[in-house]
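Colleague: The primary structure of each chain is shown beneath.
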Amino acid sequence: MGASGRSAGKLNRYELERVSLRFQSRGRGLDHAETLALKDVSLNVRAGELAVVMGASGSGKSTLLHVLAGLATPDKGTVQFRDDDGDSPVDLAKASEDERARIRGRHIGFVYQALNLIPTMTAGENVALPLLFRGITPRDRAAKAEAMIRGVGLDKHAGRYPSELSGGEQQRVAIARALVFEPEVLLADEPTGSLDSQSSGDVLSVFRQFHESAGLTIILVTHDDSVAQKLGGRVIRMRDGVVQEGERAR
Amino acid sequence: MSDDRSMRMSDVLRVAVSQLRESPVFFYANVTAISVGVLLIIVMLSIAVGVRRYVENTLRKEAAADMIEVSADARIAAAPPLTYAHIAEIARMPAIRFVYPVVQGVFADLATRNGESTFISLASTTGSTDPEVTRYAFLAGNVAALHRDSVVVPESVVRQLAIVDPRAAVGRRVTLRITRAGLHGDESVDLPLTIAAVARETRFSRCYVLLPLAQQIVKWQSNIAAPPPVLAATAIDHAFVFDTIYIYTTDVASVAATRTALERRGYQTASILDSIHRYDQILFAATIVLTSLGAIALFTGSISIFNAAYASVMRRLRDFAIYKTYGATGGMIMRLVLAEAVLTALVAGLIGFAAAAAVCLTLQHYAGSRIETVLFPVEWWLALVAELTALGACVLASLRPARIAAHSTPVEVFRIG
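So the sequences go chain by chain: A and C. Going letter by letter, the first sequence gives residues 0 to 249 in numbering that gives the first Met the number 0. Going letter by letter, the second sequence gives residues 0 to 416 in numbering that gives the first Met the number 0.
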């Protein structure tokens, strides 16, 4: 299990301790099934670290990402999350649904594998969406969204709907949406999974840019070795819900 | 980690409006369903209010609400006869303002010299201070002009005497023919009178003469030995036993207690409040029945709202999951869904009220124009009722879908769909 602890004055952003999560299918009788998605996972991620979670399909890497985002609650264990505000760490495993939503809205940006852009909103509106839930005025929302879209190189596409954008462009809109409220952590689930190599390279360069310039903590899930090689950082390997290999500094 | 601000109300409304715009068919169907329910309820309420006012106004013309009609009928209960002595005793009871003895139930013929005649009901009055007559509106003449040889008549009697202009009736000589059963068949006496005043309408459309004349007429009709009435007689007969007296209490609130006290003495009492209460009961039952029809329509509308809100929420669960991923709390999601219901309700309430107002004004124009009271009133509080009714129906119907949306979790939505 990879437990790096604190180093060089950097605090642990995440401290996972013996986290387990079991999924139950909703069938009856023989159709009823349980899947142990995470088994006693312990893991630390430092503030400002770039970590790539790798593993085969069904290894539990996406579930791990959901737990880190507070989107899924483990059955066992603790998920301590510390922000940059100097507050005491919060155990996401015990926080209420609304509290976890509030933490995400302030500190954690999330990029889904399926992008999940809202098709009835333009790229600009999609990017500004997280700011809607923080009571920010429409003018400030528009300004921040515009700056963020420019930051991912899509300033001419702000008024377009997702269906009018390429896969790579949609992914960059999704990244801009996850970063528009200046979170301290970015969690990305297979962000290049459905992209060609050119688009994939563009997207990874965006990640690298924000990691290097803003000191963003990035945890990225992928099954593609080349992504981990291009991106650098620590690699966390998973198999059958267990962290197999702690870390590999690059 | 708890310093984040809540979603702005203007943003909640903006998102709600954009959602409603995305499903215009659902929106218009919901607005129509709720509007119809609101329309029916408002029209029914308007009719109920209008009819109640009409009944009250009509009854108040016949008697004031603070008046009690007291009679002594020995066949029903033993009560002291309504002589002046006992009337004086009653007048000393608490909360009594005036007591007026009245002679009524006299029927006679009134005829003009042109030969036009009509059958009338005659009652007594004590003159210009008697509230029984002073509360009437007079079209011509005045009750102060009432003398021992004159009569106050209502407009309907003037019309039956073929006098077109009520002002032309004042001063007109008429003959009052009274009749009794004598020893050798019917006997009658003609009394020449002058019309002193014409009232717009009187209680039971009856005519009034001064009390001494009315006393003489009743005595002559009920006592075979009594002499015929003489117009010259002006003195009140203090030995007269009245059938009825009118009591005016100090206020309407004292009516019930005064009636109870009088009934304990054996008198029978009646009040306009009895009639109003009876009308109220009938009206209440009618209002309940009619309003129920509106409520059924509203309920149907609510089901439509529920279906639409439920379908809309299920369709948008993915959107709500995305909202939650980026910081929306369950409360924010609930507010977003309920805001759509509130906007639908505001529009439906407004349209329902406007349609109800149009229906009421049309009904008033065609059905209520011949009645002095507005039978289909359109008032501001009905608009408030319309909005609150629509709001209640829409919000209640959307609560369950809103809770489903608020409690959906992103992982479940994306895993299971």
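Treat the hints with care, as some may be off.
Unchecked claim - Label pairs and their computed distance ranges (CB to CB):
no., chain 1, residue 1, chain 2, residue 2, range
1, C, S17, A, K38, 41 to 49 Å
2, C, R414, A, E163, 25 to 33 Å
3, A, R207, C, M8, 27 to 35 Å
To be verified - Computed from the model, here is a short list of chain A residues facing chain C with C-beta under 8 Å:
no., residue
4, G76
5, G104
6, L203
7, V205
8, F209
9, D224
Rather than coming from a laboratory, the hints here were simulated on the basis of the structure. Virtual Cβ for every residue (Gly too), placed ideally from N, Cα, C.
Colleague: Compare the structure with the hints numbered earlier in the document and write down the numbers of the violated ones, lowest to highest.
Modeller: 3, 4, 6, 7, 8 and 9
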